[in-house]
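Read off the chains here:
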Amino acid sequence: MRRHLLSALMAGVLASTFLAPAARADGPAQYVPLPTYRVGAYASSGTLWWAGERDYFRYINEVEGGINGVKLDVEEFETEWSPDRTVEVYERVKNGKNGEPVAFFFTHGTPASYALIEKAATDQIPLIDPAGGRTESTDGTVFPYAFPLLFNYFSQASVGINYIAQKEGGLDKLKGKKIVTVYHDSAYGRETQAAVELLAKKYGFENIQVPVADPGNEQSPQWRQVREVKPDWVFLRTWGVSTPVAIKTAQRFGIPADHIIGDVWAGSEADVIPAGTAAKGYQALAPYPGGANFEIHDRLRKTILDTGKSDLKDPKFFGAVYYNIGLINAVLAVEALRTGQAHFGKRALNGEEGRWGFEHLTIDDARLKQIGFEGLLQPIKLSTTDHEGGGAARIQQWDGAKWVLVTDWIQADRETLRPLIEAKAAAYAKEHNIVPRNATAEN
Amino acid sequence: MPRRARAGLAIPLLLLLAFVGVPLVGTEYWIGAILLPFLVLSLAGLGLNLLTGYAGQTSIGSGGFMAVGAFATFGFVVHGGVPLPLALLLAGLAAAGAGLVFGLPSDRIKGFYLMVSSLAAQFFFEWLFQKFPWFYNYGSSGTIALPRIAVFGLDVGSTLGRYYLTLTIVAGLTWFAANLMRSQTGRSFMAVRDMDTAAAVIGIPVYRAKLLAFAVSSFYLGIAGALWAFAYLGSASVQSFGISRSFQILFIIIIGGMGSIAGNFIGAAFISLLPLAIDHVAQALFAGHVDAGLLQNIEKAVFGVLIIWFLIKEPDGLARLFQTIGARLANWLRP
Chain A
1 MRRHLLSALM
11 AGVLASTFLA
21 PAARADGPAQ
31 YVPLPTYRVG
41 AYASSGTLWW
51 AGERDYFRYI
61 NEVEGGINGV
71 KLDVEEFETE
81 WSPDRTVEVY
91 ERVKNGKNGE
101 PVAFFFTHGT
111 PASYALIEKA
121 ATDQIPLIDP
131 AGGRTESTDG
141 TVFPYAFPLL
151 FNYFSQASVG
161 INYIAQKEGG
171 LDKLKGKKIV
181 TVYHDSAYGR
191 ETQAAVELLA
201 KKYGFENIQV
211 PVADPGNEQS
221 PQWRQVREVK
231 PDWVFLRTWG
241 VSTPVAIKTA
251 QRFGIPADHI
261 IGDVWAGSEA
271 DVIPAGTAAK
281 GYQALAPYPG
291 GANFEIHDRL
301 RKTILDTGKS
311 DLKDPKFFGA
321 VYYNIGLINA
331 VLAVEALRTG
341 QAHFGKRALN
351 GEEGRWGFEH
361 LTIDDARLKQ
371 IGFEGLLQPI
381 KLSTTDHEGG
391 GAARIQQWDG
401 AKWVLVTDWI
411 QADRETLRPL
421 IEAKAAAYAK
431 EHNIVPRNAT
441 AEN
Chain B
1 MPRRARAGLA
11 IPLLLLLAFV
21 GVPLVGTEYW
31 IGAILLPFLV
41 LSLAGLGLNL
51 LTGYAGQTSI
61 GSGGFMAVGA
71 FATFGFVVHG
81 GVPLPLALLL
91 AGLAAAGAGL
101 VFGLPSDRIK
111 GFYLMVSSLA
121 AQFFFEWLFQ
131 KFPWFYNYGS
141 SGTIALPRIA
151 VFGLDVGSTL
161 GRYYLTLTIV
171 AGLTWFAANL
181 MRSQTGRSFM
191 AVRDMDTAAA
201 VIGIPVYRAK
211 LLAFAVSSFY
221 LGIAGALWAF
231 AYLGSASVQS
241 FGISRSFQIL
251 FIIIIGGMGS
261 IAGNFIGAAF
271 ISLLPLAIDH
281 VAQALFAGHV
291 DAGLLQNIEK
301 AVFGVLIIWF
311 LIKEPDGLAR
321 LFQTIGARLA
331 NWLRP
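As given, the protein sequences belong to chains A and B, one line each in that order.
Take 1 as the starting number for the first sequence in the UniProt record's numbering and just add one per residue.
Take 1 as the starting number for the second sequence in the UniProt record's numbering and just add one per residue.
Just so you know, not all the hints are guaranteed correct.
Listed next, the stretches of chain B that the computed footprint assigns to chain A, with coverage defined by at least 3 CB atoms under 8 Å from CB atoms of chain A [as the list claims (entries may be wrong)]:
hint: 1; region: 23-36
hint: 2; region: 145-158
hint: 3; region: 294-305
EDC-like, lysine to aspartate or glutamate: derived pairs with alpha carbons at most 20 Å apart [stated by the list, open to error]:
hint: 4; chain 1: A; residue 1: 167; chain 2: A; residue 2: 399
hint: 5; chain 1: B; residue 1: 300; chain 2: A; residue 2: 399
hint: 6; chain 1: A; residue 1: 97; chain 2: B; residue 2: 126
hint: 7; chain 1: A; residue 1: 316; chain 2: B; residue 2: 28
hint: 8; chain 1: A; residue 1: 309; chain 2: B; residue 2: 291
hint: 9; chain 1: A; residue 1: 119; chain 2: B; residue 2: 279
These aren't lab readings, by the way, just hints derived from the structure by calculation.
Built from N, CA and C at the ideal position, the CB exists for glycine as well.
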């Protein structure tokens, strides 16, 4: 037995060393490494996420024949959501595979984005972290290779406040209102504090911050504190197990679910189903709306799901929030590569060309209709100075069985928040002796 | 005598290989993503081994002391403007001080109970470095990163530079530890480990020896933490030094061998390199044919089985196993 095990291992090592890949006649494919977590505490959300990404990449490869004929070579690496292991994976893949270049690297987690930000700038590989990442890297003149794409943390705070204003009947009605932010006491939870503080000053509402220590499976003291304040609205910025616990505890303390607004990472099925009936009426920011009735879902159902090629083990999760996160991340990458190819030629791109592609990525309403993402993805336009490009979300409400979209896209107040981002980016540039790029000269 | 001579030749050869051979043949990935973390984990293992393997005091607070080292280095550089090598040394001393404080209970508590009390260090430092923004210079997300890594004006920010920095420190500290354990201090550690009552009877100041062990061990762990954050990862937050890190280091010394200097390196190699090797093999053989999630879980299972197999084969750790094999080989080669 022992000998068999050893010889199997040996054979594997030999095979991995000597088996040269078959050369392709039509130029190298685009290498797409994915650091994933199918093992560990976050596997339940991760598994759906990777299914969405892989299904869309598969759709591009098998139905559309690649991006302008360039196939995507997708490979997964387990990280268990540990930034340390993501760094190892990044080092392993950054030079491509068998001549297939890497054009971008999905970090799949804010801590990993932070850990890699300097390495990636040196290696010239764009780090893509939609609805996450380091907020100040929105300023691409200081952070050429980091993209907190689509919806950075400041925008998340701003859309939450704007939606509350909409419910109250206008931004001027916010004056004197009490808005409590209950947040996961971690890097992720604290990222919005500066933004909410600024908005509180601008609109005159009372800003009360209540931290929940990780993992947050007992929150009575926090919600007792919230009840004492008698808040008008609660912005819930928890994550993982702390979300359903928060929703349930809030109900116990008599805070109505329809006055609690969850943020992006507190707004999936996994966050509300465990909370049972307490979650009915709970709302959440949805840059990634849930639902399986968008045009792209029809296409995928026909070509991927019904032909048994889907990565999903249980088709019931088709259209779940995390699955749609995967779809949207994948389409953003595909469209950026397409943009890059239009400029550099129809071939696999390297990191620097990938950055160009992302910085010139524009998806307008017409294009959204063509690719089947109308209503699921917001129109997006990036530039050298703006690595976010979107900054809007819809609001979805849990009706006890499924998420229902209750608004159209609500835009964040990006102009107000921009100076804050620039100040933070400038501080970073000073600390690291970076001379910001000239935004207009490079194009 | 012949044993001594062999060892005398092996170590310079290893050092020559590490300092000259590796940079000649190693790729950036090998040096930056495999050897660097391996060296840092070896150093952390060494730190814990001084405490647990030599002085017999159990601890699962290693992650906390590593965090002290990392955050103190950052603090000395950013708030104090201290140059890096000195900041590293001061951070090590800060960690040693922290270790001393959390070693105080060892006067009254022993064995598993001490291990539980060392958990306090782990959770306290995780809380401390998250709660007070001063420690991470008021950044928005509690992550620390050094602007640039320079030693005596020399920029060592490249992969090779960071490798040399780490290697030099690890080699120096290993040499120091090996000598310390052969000195009177080391002897008194081992006496305390083997039977503290007897040690007290023959006149060893038991409590002082224990405290010293905590301090020295934490010094090593602190340096390892700083290297992990700045030489390997480039940036870190408390999540890099969580409880799972403490367990990882404990496993390194259990698998490598308690009370052995070489064991830390062997254990660190086992813990950090084997999962990667399994992953490489699995990717090469099965990627695309087997479901990705299943494959990841199988890899974990294989790793677990290998740990069990090695521990059954040699409960005293891999260092002992290698020693036995070496002795057998020598016997067999003898004419």
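Structure-based check of all given hints:
no., hint, in the structure
1, 23-36, "holds (count 5)"
2, 145-158, "holds (count 3)"
3, 294-305, "holds (count 4)"
4, 167/A <-> 399/A, "18 Å, holds"
5, 300/B <-> 399/A, "39 Å, violated"
6, 97/A <-> 126/B, "38 Å, violated"
7, 316/A <-> 28/B, "44 Å, violated"
8, 309/A <-> 291/B, "12 Å, holds"
9, 119/A <-> 279/B, "23 Å, violated"
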